[in-house]
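Q: Now for the letters of each chain:
2 protein chains.
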Amino acid sequence: MPEPFDIIAVIEPKPGKANRVEELLKTTAKAVQANEPGTLRYQVNRETKGDAPTFVMLETYKDQASLKAHGGSKDFKELGRAFKEDLLAAPMKVLFTKAVGGYASKL
Amino acid sequence: MPEPFDIIAVIEPKPGKANRVEELLKTTAKAVQANEPGTLRYQVNRETKGDAPTFVMLETYKDQASLKAHGGSKDFKELGRAFKEDLLAAPMKVLFTKAVGGYASKL
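Top line first, the protein sequences correspond to chains A and B. Here UniProt numbering is used: the first residue of the first sequence is 1, the next is one more, and so on. Here UniProt numbering is used: the first residue of the second sequence is 1, the next is one more, and so on.
Treat the hints with care, as some may be off.
[Claimed, not checked] Quick list of in silico lysine-lysine cross-link-like pairs, DSBU-like style, CA-CA up to 35 Å:
hint	chain 1	residue 1	chain 2	residue 2
1	B	Lys30	A	Lys17
2	A	Lys30	B	Lys84
3	B	Lys30	B	Lys74
4	A	Lys84	A	Lys14
5	B	Lys74	A	Lys17
6	A	Lys106	B	Lys49
7	A	Lys98	A	Lys30
8	B	Lys17	B	Lys62
9	A	Lys106	B	Lys98
10	B	Lys106	A	Lys14
No wet-lab data here; the hints were simulated from the structure.
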């Protein structure tokens, strides 16, 4: 797999659980930013409509070791435990992706 | 809705149809880049695993008029028609999103 590489994760909270999920993701993101130099992107995106908004994580890892560090981190494990609090309507969908066309920005 | 705003679209091709979907999205993206100054981001991302990879479009629009121009464009309408060629395993999921945490880049 070419490096760096992207991961896009799709998270679907149960109705009424979105704020709790947002809080957990933002807490994790702060720890990732502070502790994981190889996690080049870790952005929390929230759907702006509906009472069960979908979250989309846009992530980029410098290399496999950086992804391994992320997966093994205390904070990510805590996130995994917290998600078991009956917060999600479906299992988190984790997609390893690559940009194959279009453009990232016109600015 | 604050402007500019993001759209994340999740597209799930039927097995064996991913290359056709990629070709369509990349053709549309070229036209968008050439003809739509208000479409600030239009990036085609393809899952790198599996024979029915998911596509995730990351899009940003300067304002409502720019989104309207995109939706009304000849190219987007052609994409819509082409998608009716029995290419998708599920309807395209279109999410209006906002970044609420984390970071876009450490580079």
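Q: All hints, please: hold or fail.
A: Consistency of the hints with the structure:
1. Lys30(B) - Lys17(A): violated (39 Å)
2. Lys30(A) - Lys84(B): violated (42 Å)
3. Lys30(B) - Lys74(B): Given pair Lys30(B), Lys74(B) holds - Cα atoms ~13 Å apart, limit 35 Å.
4. Lys84(A) - Lys14(A): holds (12 Å)
5. Lys74(B) - Lys17(A): With Cα atoms ~40 Å apart, Lys74(B) and Lys17(A) exceed 35 Å; violated.
6. Lys106(A) - Lys49(B): Roughly 29 Å between the alpha carbons, so the hint for Lys106(A) and Lys49(B) holds.
7. Lys98(A) - Lys30(A): Holds. Lys98(A) to Lys30(A) sits at ~25 Å (cutoff 35 Å).
8. Lys17(B) - Lys62(B): holds (32 Å)
9. Lys106(A) - Lys98(B): This hinted pair holds, its Cα atoms lying about 18 Å apart.
10. Lys106(B) - Lys14(A): holds (32 Å)
Checked against the numbered hints listed earlier, the structure breaks hints 1, 2, 5; every other hint is satisfied.
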